[in-house]
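Undergrad: Following the hints, complete the assembly by docking chain B onto the known chain A.
First to last, the protein sequences are chains A and B. Be aware that the first sequence starts at 0, since it is given in numbering that gives the first Met the number 0, and climbs by one per residue. Be aware that the second sequence starts at 0, since it is given in numbering that gives the first Met the number 0, and climbs by one per residue.
Just so you know, the hints here were simulated from the structure itself, not pulled from any lab data. Since no wrong hints were added, every one of them can be taken at face value.
Copies of one chain are not kept apart here, so a pair can be met inside one copy or by any two copies together.
Here are the simulated lysine to any residue pairs, SDA-like style, with alpha carbons at most 25 Å apart:
id	residue 1	residue 2
1	173	240
2	297	417
3	72	364
4	449	26
5	449	63
6	379	446
7	379	400
8	173	373
9	379	368
10	173	53
11	449	73
Source: prediction; values computed, not measured.
There are 2 protein chains.
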Amino acid sequence: MRERLVVVGGDAAGMSAASNARRRRPPDELEIVAFERGSFTSYSACGIPYFIGDVVTELDSLIARSPQEFKDKQSIDARIGHEVTEIDLEAGAVRVSRRGDGAGTWEGFDQLVVATGAVPVRPDLPGSEALGIYGVQVLDDGTTVRKAIDEAEPSRAVVVGGGYIGLEMAEAFKLRGMEVSLVEMGPQPMGTLDPDMGAVVADAVRNLDIALYAEEPVTHFEVTGGRVSAVVTEQRTLPADIVALGLGARPNTELAENGGIPIGTSGGIVVDRRMRTPVEGVWAAGDCTEKFHRVSRKAVAIALGTHANKEGRIAGINIGGGYAGFPGVLGTAVTKVCGVEVARTGLKESEATDAGFEHLSVTIDSTTRAAYFPGAAPIKLKLVVERLSGRLLGAQIVGEREAAKRIDALATALWNEMTVDDMLNMDLSYAPPYSPVWDPVLVASRSAWKAVEESR
Amino acid sequence: MRERLVVVGGDAAGMSAASNARRRRPPDELEIVAFERGSFTSYSACGIPYFIGDVVTELDSLIARSPQEFKDKQSIDARIGHEVTEIDLEAGAVRVSRRGDGAGTWEGFDQLVVATGAVPVRPDLPGSEALGIYGVQVLDDGTTVRKAIDEAEPSRAVVVGGGYIGLEMAEAFKLRGMEVSLVEMGPQPMGTLDPDMGAVVADAVRNLDIALYAEEPVTHFEVTGGRVSAVVTEQRTLPADIVALGLGARPNTELAENGGIPIGTSGGIVVDRRMRTPVEGVWAAGDCTEKFHRVSRKAVAIALGTHANKEGRIAGINIGGGYAGFPGVLGTAVTKVCGVEVARTGLKESEATDAGFEHLSVTIDSTTRAAYFPGAAPIKLKLVVERLSGRLLGAQIVGEREAAKRIDALATALWNEMTVDDMLNMDLSYAPPYSPVWDPVLVASRSAWKAVEESR
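This is chain A alone, in the form it adopts within the complex (with noise of 0.2 Å):
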């Protein structure tokens, strides 16, 4: 008998799913049929601050795969502004409402992939729903706020929230020509570096010529017929014709939880290894899940497009009748702003004390190719590593062009949990239009070392 699988999201987990189930059952076995409540399917959400800034020019360019293709190529039925509004398990079936359409129709399942992503954390604030006030998480908040910048020329923008997207799309609205105000709740943005760290970050904010607001939470927000006109701080008023909101995202799980599959303590859908929920049947990937994190052995929610393609490829491969497992994550992550190039992998120092390691920190100035070769530009490299073992617990990068990607021999290493003791002696390339002889990442690494000797 033909099973039918329903696949709910049609971004990265939810199509790489669907593809991998039917790489290894053909359409007369299995059909496939994926709801895209958006306009648009696999698309690269990390590309749109791009879009927004007009660095990336073309729509299409992010668009990976288009319901046509998917129809035409794999035989999958992928349906754009179809929302599920709602998940019967015991019946297995979902109800569907086409967009602008309210009512719905049941749509039968065999199985069924969870893949919703993750919305933006808006703040509970007087306001907060207004017109202007932007959310960057789905392709169509793409166009929405492009369209919004081309149409009513905005001159004065505030980003609420200093996290990756929020510095991204400050420096986009910069590119665009307008004023740009960051208004910030901790002492400097991008919280996912230790302080130390972002303070440079903080200083490349500056440079660019956007006004930073740190240690100011927001208290509300001014409308004038509907529509924003003002970010409000404990501080001062900040006249905007255009918000975003940097705040983070989190999993989009109501949709879940309303049908009764299991939410972990991180916020994130329950998964195993294979990306089974706990309900027989009913799968989940990507920015919605919950994920283990290999340093702290804890379950998180990082909403991030590599772990959406993973995931959303095992829980195909699973369903497929084959057989993989998804490892965890260590929240390594990369973003390129404000000129300034930034990286992280594993635990910051609070996060390390947070998980109980006892821990030290290293921090050291190199620079991206030897002294001497021309192009060399700076790299200030930081270590986390436990005190009584030396093994490495996490690292962040900041610095210029060619620092950041420098992170992933970092995460390398920190898969394999090495102590720097072991690092330190680490075959990596070496010539010196890419670094000098000794690498920033092994002058790190022998001087965690030293800390973690000098501190028995």
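TA: Chain B alone, transformed into the frame defined by chain A:
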């Protein structure tokens, strides 16, 4: 009683050993004398081709520390222009000649560090000792070649051998405005890569308008008035005003061997993890030693500044009464030639065969940034993998800007003996300015894992 440490060779390995020994033992306890036959201490040998090509303009910028600085900062007596010509192990003394002074005097030692580096391989062919044929190994070679170019303004350069230094020298000559030919005995330049990857480098060489003659063994050199006037291969005669050798380097062990210090099968001086030779009180470090290869499990001779610095540091720590060990090498190397970035680590196919591994390989094409992101450049990545286990054995990268340094994540994976199925889910960094959502390293791992599964 005050001990005396004599160091033979004043570059990376020798002076790192001296410095690290000094850090642990003060001058009243340990006298340190280093003899360097050349004119410089602690310089970047890898920077020489860039100095010749005028990419690096200041000679001084290549020098990390001068004899005066060693004296002032560390009470190390580093004597340039002093060549050690003989080692008498029984007497505990070395014979030292000042440059231009034949006889020499005997200098006693309690401990000896041999750090004599490497010498360029010279073809044993008629005319190979003529003037105008340069090996490029020590900084004096760099100043000599640069002076020869500045003064004689040669217009036709021939490079014999297409290894790292050969290619770098071909590019340097090109940058100095010469007509350049590269003669290579093998099918491709960059013989440290597999031929399919080397072919990409060959294209780049040709694109830079360097005449490439592959599979053309040199038969002899034409000499006019003592100076080289042409390089002759089996197929043609290439008129030459200047010739550089790029045939690689071998450990410079004549002094040690004559003194009775054991030489290994690789041609390098035998050392243990702590950089002790089999002779009590005699240490060796850097290009003159043999190294343990962590993948082939064999002794190899690899001349490279990173190893020299690490080995020197380790010898110095041990001489100083500390404890440190050198864990071996992977054969990681990187260069930038003719606009192409080239990197490798571990074993190439033929090396994997020689080492007794049953293996397969995959090659993937990807981009250095998200394909839609401005500045995305091509990257080609090859993995060599053990067939039955899926263990990574080696990796090669050829690409454009931002491609090569990704070898470090692969070197770290190799260091930890990872399998490609473990690697493909690693949490490497992703953002559109840095990589596609599946980083090329992950794409290659996924592809290799598929090949392993299908080969069963």
